[in-house]
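Participant: Chain order of the listed sequences is E and Y.
With numbering that gives the first Met the number 0, the residue at position 459 of the first sequence is 458, and numbering never jumps.
With numbering that gives the first Met the number 0, the residue at position 78 of the second sequence is 77, and numbering never jumps.
Just so you know, the hints here were simulated from the structure itself, not pulled from any lab data.
Certain hints may be false.
[As the list claims (entries may be wrong)] Covered stretches of chain Y (chain E as the covering partner; in silico rule of three or more C-beta atoms under 8 Å from a C-beta of chain E):
1. 6-14
2. 21-31
3. 56-68
4. 74-86
5. 89-102
6. 110-122
7. 138-147
[To be verified] The following label-pair restraints were derived from C-beta to C-beta distances:
8. E:Arg383 - Y:Glu25: 27 to 37 Å
9. E:Pro388 - Y:Val53: 19 to 29 Å
10. E:Leu415 - Y:Trp146: 44 to 54 Å
11. E:Gly419 - Y:Leu24: 34 to 44 Å
12. E:Pro57 - Y:Val134: 21 to 31 Å
Ideal Cβ placement from N, Cα and C applies to all residues, glycine included.
Letter by letter, the chains look like this.
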Amino acid sequence: MDVFAQLAHGFEVALAPLNLFLAFAGAFLGTLIGALPGIGPVNGVAILIPIAYALKLPPESALILLAGVYYGAEYGGRISSILLNVPGDAGAVITTLDGYPMAQKGKAGEALALSALSSFIGGTLAVIGLTLFAPYLAEWAIRFGPAEYFALMVFAFTTLASLAGKNPVKALIASVFGLMLATVGIDPGSGVPRFTFGELKLYDGVDFLVVAIGLFAISEVLTLMEHTFLGTATRVKVETALVSMKTFLGSLWTILRSSLIGFFIGVLPGAGASIASAVAYTTEKRLVDRDGTFGAGDPRGVAAPEAANNAASGGAMVPMLTLGVPGSGTTAVLLGALMMFNVTPGPLIFEQRPEIVWGLIASMYIGNVMLLVLNLPLVGWFARILTVPRWFLVPAIAALSFIGVYAVNNSAFDLLFMTGIGVVGYLMRKAGFPLAPVILGLVLGRLMEINLRRALAISGGDFSILYASPLSKVLWALALLSLLFPWVASLLGRRIAKDE
Amino acid sequence: MEPGSRRSDRIAGVLLLLLSVGYGLEAGRLQADFLADPLGPRAFPLLLAVSLGVFSLYLILRPDPDPAWPPAHVLGGQLGMLLSFVVYSYALAPLGFLLATTLEMAWLSRLFGAGWRTGLLGGLGLAAALYVIFVFGLGIPLPLGRWWPA
Numbered sequence: 000m001d002v003f004a005q006l007a008h009g010f011e012v013a014l015a016p017l018n019l020f021l022a023f024a025g026a027f028l029g030t031l032i033g034a035l036p037g038i039g040p041v042n043g044v045a046i047l048i049p050i051a052y053a054l055k056l057p058p059e060s061a062l063i064l065l066a067g068v069y070y071g072a073e074y075g076g077r078i079s080s081i082l083l084n085v086p087g088d089a090g091a092v093i094t095t096l097d098g099y100p101m102a103q104k105g106k107a108g109e110a111l112a113l114s115a116l117s118s119f120i121g122g123t124l125a126v127i128g129l130t131l132f133a134p135y136l137a138e139w140a141i142r143f144g145p146a147e148y149f150a151l152m153v154f155a156f157t158t159l160a161s162l163a164g165k166n167p168v169k170a171l172i173a174s175v176f177g178l179m180l181a182t183v184g185i186d187p188g189s190g191v192p193r194f195t196f197g198e199l200k201l202y203d204g205v206d207f208l209v210v211a212i213g214l215f216a217i218s219e220v221l222t223l224m225e226h227t228f229l230g231t232a233t234r235v236k237v238e239t240a241l242v243s244m245k246t247f248l249g250s251l252w253t254i255l256r257s258s259l260i261g262f263f264i265g266v267l268p269g270a271g272a273s274i275a276s277a278v279a280y281t282t283e284k285r286l287v288d289r290d291g292t293f294g295a296g297d298p299r300g301v302a303a304p305e306a307a308n309n310a311a312s313g314g315a316m317v318p319m320l321t322l323g324v325p326g327s328g329t330t331a332v333l334l335g336a337l338m339m340f341n342v343t344p345g346p347l348i349f350e351q352r353p354e355i356v357w358g359l360i361a362s363m364y365i366g367n368v369m370l371l372v373l374n375l376p377l378v379g380w381f382a383r384i385l386t387v388p389r390w391f392l393v394p395a396i397a398a399l400s401f402i403g404v405y406a407v408n409n410s411a412f413d414l415l416f417m418t419g420i421g422v423v424g425y426l427m428r429k430a431g432f433p434l435a436p437v438i439l440g441l442v443l444g445r446l447m448e449i450n451l452r453r454a455l456a457i458s459g460g461d462f463s464i465l466y467a468s469p470l471s472k473v474l475w476a477l478a479l480l481s482l483l484f485p486w487v488a489s490l491l492g493r494r495i496a497k498d499e
Numbered sequence: 000m001e002p003g004s005r006r007s008d009r010i011a012g013v014l015l016l017l018l019s020v021g022y023g024l025e026a027g028r029l030q031a032d033f034l035a036d037p038l039g040p041r042a043f044p045l046l047l048a049v050s051l052g053v054f055s056l057y058l059i060l061r062p063d064p065d066p067a068w069p070p071a072h073v074l075g076g077q078l079g080m081l082l083s084f085v086v087y088s089y090a091l092a093p094l095g096f097l098l099a100t101t102l103e104m105a106w107l108s109r110l111f112g113a114g115w116r117t118g119l120l121g122g123l124g125l126a127a128a129l130y131v132i133f134v135f136g137l138g139i140p141l142p143l144g145r146w147w148p149a
């Protein structure tokens, strides 16, 4: 397969005026959503899906917009981390460690410029990685049979379980809950309605959009009610963001290493931007922090997490596009959005719908350049957005969630259902149940069941087909290992603590 | 650790166990007229029910410490918010987007500490801006209200 010819074709798609505009809109909204503490990329993407859907955008255009929000948010998250010591989203938590001290030393402009450059390099290297790896992974994955797919999905749930929250069992419960939601509706295999209780509205299944927005946005609004006094900032002054060549070159190796770490962590199912930035930061601290300046405003401490979280969001696209198995909450939402447009990602998408995959990949090159431009000269404008008062911001998120869902279905029932799911999501957040597995379960449930049933139809009911091939054996072993991982890690941690 | 401090997870565990039993029973009643595959519509849901049952038993036996639940005044605010969501869901079609959203925004702004006047002005501004963006900019229709003469 000639990657460059395909990519050139992708650029034709991405450079169409509508798609160019949508990439810009995605980058702009993403930066905004990332910058505002309280709305992260998941909420942003979820709230925008109904708008993209109601506009009847072609699937590649919708994906370009939504993905722009996703990786754009990783750029924006750093702004409030640096200026206010309040991370704009989960991937930018680590950026506060050195970003805020730099701002206190009067180097806010330098920190913002360096982190924008790091984000750009991390993001762009990840798209290059995506371009090079994704087609080969897809080609390889075409050989997956239903048994391998079933094992792969189990593996996605177990890694998410071991990484997503403190308690793996709670993550597993969340996964099963999501899978249960996915079984509601007419069974595609036999035509029998399941768990509909005679309600005609449920025959088509639980509406993905309603669950995604309720689970993330509405529960977020309820959570923000608890922290009403967090983050309402006084006016922040930022001069132009500039960084000296010397500081930039001093951080260059850190940026490159962190991008690599971020990309590979992003590819892993279950691990996303927040884990990537933490790993990159600790690695750099060990490698280059000879004078103990990390944590006290070292520019490299800003460069590492920002390169890593942007690279991770690019890396997370790899399993979503090539295998159709997302590794994080936000990519699961993106996958669900694609399914609403009747597109099923997976290895075949590279052959059947190249305009979607390659259009998206090409738009990510363009989007990263746009983001760099947006985030260098206009950073002062985004910083001013942080002064929007909370009493306005939070109700506005709620209003947008409601209109979005209403615009698609015009149904009061859906709004009530969304509110109910929001309450469930809030209770789950409080009690330490991660939300991402629910959405992953809802998105993958049907495919998981179909693949299981197909495998057993092939074998005539013999369950050993599920672990017959070497590849499925490896996947089951990996799934088991990932489940044991947190337990082993805590055991090791305890032993190390004892030794010290 | 004082007794009762792990109650949240135990309650959640019991509720989830009930869900798994109810879901499992409902799954057990499923029957297909013809079988296209050896598993049929029942097997996967039953698998889920059993897994949830096992996990929820684990949660009951090994619960985490309770989270900090919000104090009464925050809880009141959250309830006020949820109630307004329900009212808004039903009011949107008859009252129309502009009026319903302005009132809802004013109420929510108030819950987040703004005064009535600021809230109403902010709400009106946002509702009008969203209306213009959605209806005229994006071409997505929003309800005008059944109660008003067209």
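Participant: Run every hint past the structure and note whether it holds.
Facilitator: Do the hints match the structure? See the list:
1. 6-14: It holds: at least three residues are needed, and the stretch 6-14 of chain Y offers 3 whose Cβ sits within less than 8 Å of chain E.
2. 21-31: holds (count 6)
3. 56-68: holds (count 6)
4. 74-86: n = 6 at 8 Å, threshold three: holds.
5. 89-102: Coverage by chain E holds for the stretch 89-102 of chain Y (5 residues, Cβ < 8 Å).
6. 110-122: n = 8 at 8 Å, threshold three: holds.
7. 138-147: holds (count 5)
8. E:Arg383 - Y:Glu25: 27 to 37 Å: Violated - the Cβ-Cβ distance for arginine 383 of chain E and glutamate 25 of chain Y, about 54 Å, lies outside 27 to 37 Å.
9. E:Pro388 - Y:Val53: 19 to 29 Å: violated, 48 Å
10. E:Leu415 - Y:Trp146: 44 to 54 Å: violated, 21 Å
11. E:Gly419 - Y:Leu24: 34 to 44 Å: violated, 22 Å
12. E:Pro57 - Y:Val134: 21 to 31 Å: holds, 22 Å
Taken one by one, the earlier hints fail for this structure at numbers 8, 9, 10 and 11, listed in ascending order.
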